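Novice: So the sequence lines, in the order shown, correspond to chains A and B.
Numbering of the first sequence is given in my numbering, commencing with residue 1 and proceeding in unit increments.
Numbering of the second sequence is given in my numbering, commencing with residue 214 and proceeding in unit increments.
Derived from the structure by calculation, the hints contain no laboratory data.
It is possible that part of the hints are untrue.
BS3-like, lysine-lysine: derived pairs with alpha carbons at most 30 angstroms apart [to be verified]:
1) A:Lys69 x A:Lys90
2) B:Lys299 x B:Lys244
3) B:Lys244 x B:Lys365
4) A:Lys86 x B:Lys271
5) A:Lys69 x A:Lys31
6) B:Lys271 x B:Lys244
7) B:Lys365 x B:Lys303
8) A:Lys86 x B:Lys244
9) A:Lys90 x B:Lys299
From a predicted model like this one, the values you see are computed outputs, not experimental measurements.
There are 2 protein chains.
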Amino acid sequence: MSYQFEHNPQAIEQDSFRQIRSLTELDHLSKDEQQVAMRIVHSLGLPSAAEQVRFSAKACDAGRAALGKDCAILCDVEMVKQGVTKRMIKTPPLCFLNDPQAATLAAEQGETRSMAALSLWQDHLEGSVVLIGNAPTALFRLLEMIEAGAPKPALIVGMPVGFVGAAESKEALWQAHQALGIECITLLGRMGGSAVTSASCNALLRCNIGEYY
Amino acid sequence: MSYQFEHNPQAIEQDSFRQIRSLTELDHLSKDEQQVAMRIVHSLGLPSAAEQVRFSAKACDAGRAALGKDCAILCDVEMVKQGVTKRMIKTPPLCFLNDPQAATLAAEQGETRSMAALSLWQDHLEGSVVLIGNAPTALFRLLEMIEAGAPKPALIVGMPVGFVGAAESKEALWQAHQALGIECITLLGRMGGSAVTSASCNALLRCNIGEYY
Numbered sequence: 001m002s003y004q005f006e007h008n009p010q011a012i013e014q015d016s017f018r019q020i021r022s023l024t025e026l027d028h029l030s031k032d033e034q035q036v037a038m039r040i041v042h043s044l045g046l047p048s049a050a051e052q053v054r055f056s057a058k059a060c061d062a063g064r065a066a067l068g069k070d071c072a073i074l075c076d077v078e079m080v081k082q083g084v085t086k087r088m089i090k091t092p093p094l095c096f097l098n099d100p101q102a103a104t105l106a107a108e109q110g111e112t113r114s115m116a117a118l119s120l121w122q123d124h125l126e127g128s129v130v131l132i133g134n135a136p137t138a139l140f141r142l143l144e145m146i147e148a149g150a151p152k153p154a155l156i157v158g159m160p161v162g163f164v165g166a167a168e169s170k171e172a173l174w175q176a177h178q179a180l181g182i183e184c185i186t187l188l189g190r191m192g193g194s195a196v197t198s199a200s201c202n203a204l205l206r207c208n209i210g211e212y213y
Numbered sequence: 214m215s216y217q218f219e220h221n222p223q224a225i226e227q228d229s230f231r232q233i234r235s236l237t238e239l240d241h242l243s244k245d246e247q248q249v250a251m252r253i254v255h256s257l258g259l260p261s262a263a264e265q266v267r268f269s270a271k272a273c274d275a276g277r278a279a280l281g282k283d284c285a286i287l288c289d290v291e292m293v294k295q296g297v298t299k300r301m302i303k304t305p306p307l308c309f310l311n312d313p314q315a316a317t318l319a320a321e322q323g324e325t326r327s328m329a330a331l332s333l334w335q336d337h338l339e340g341s342v343v344l345i346g347n348a349p350t351a352l353f354r355l356l357e358m359i360e361a362g363a364p365k366p367a368l369i370v371g372m373p374v375g376f377v378g379a380a381e382s383k384e385a386l387w388q389a390h391q392a393l394g395i396e397c398i399t400l401l402g403r404m405g406g407s408a409v410t411s412a413s414c415n416a417l418l419r420c421n422i423g424e425y426y
């Protein structure tokens, strides 16, 4: 038996985004926002996810500008870091989850390593793009830090996944972003993850080099 | 404003799996299969995903036995490799996607790098655990290789995601596995990805050390 399937990577990508456009309603979004929403749908294989995406007023502009200046990209987990397309960035993203200091701090404070790792973000936050795709605790801690006066990222992509705190942390980000003066992209509800989070960043990087679908 | 959220990682994990049990119907699955299905639901934040999971007759037994013997773990993409929990394995998983040979071969043959990389799997296939979380083309190519007489993995976790070929490649795996004499775990439909794929492997690794939820 032989299998009939498309071998050509460009043809696969073109057909994927053609299908995604036909399966989603994106007219209310700007050109750049549509690219992000489509990459999220692409990563999940779920057209209805487009309805859960939220953009603050200048999220895409702020993210594109920061990425265009080779800003720090801060990731909560290694999978998010791995998901950022290397050919489109000059400086590798940062992730402190496996830093020994994070483990020590987490054990001392009885909290997740993901949260503890954020104490190592402080010096990199100003003007950064933050990618949180796994840990609600990291997103909550970041909001606490910004409220307490920490430097502000240019953009927070906040898309942790799961059953405990994920939906709540994203709702908190969405509710607080205007008061805190931060730009954000989020995916409301339980769904999220490393793939949608890095895909959102990749969508903005592609906009910066004129790759639109 | 302060945020109320659970800081303790063990409490988060316990509560997550308690919620997943209450939101899914798993009684038709074996004890080990339930662990895999719950990790998939956990990774996606989507209880209904449990209905799409399929296990061949001895998938969990074969996977656990191979992993218990420190078998090769072959991954289609780096994100899957990154997702396998390091503390539970002795030898790092293998991924040849970024091997220069894969790029050269892909360009020569006008096919995806994910497919081309499989030519480098041949020597590692026998008794391995294969994790395909991204590329339908990699899963199709693997089925072609096994039909053509390539050594057989102990277990294929086949969960590519997307709109072009993903559902078809998983249906092909599910339809062909008995005739090919291979054990497999798959997630039918468009959904899938790096996280569910590595989570499935992690679930089996946890079974091997007696960590059940």
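Novice: Hint by hint, which ones does the structure fall short of?
Specialist: 4 and 8
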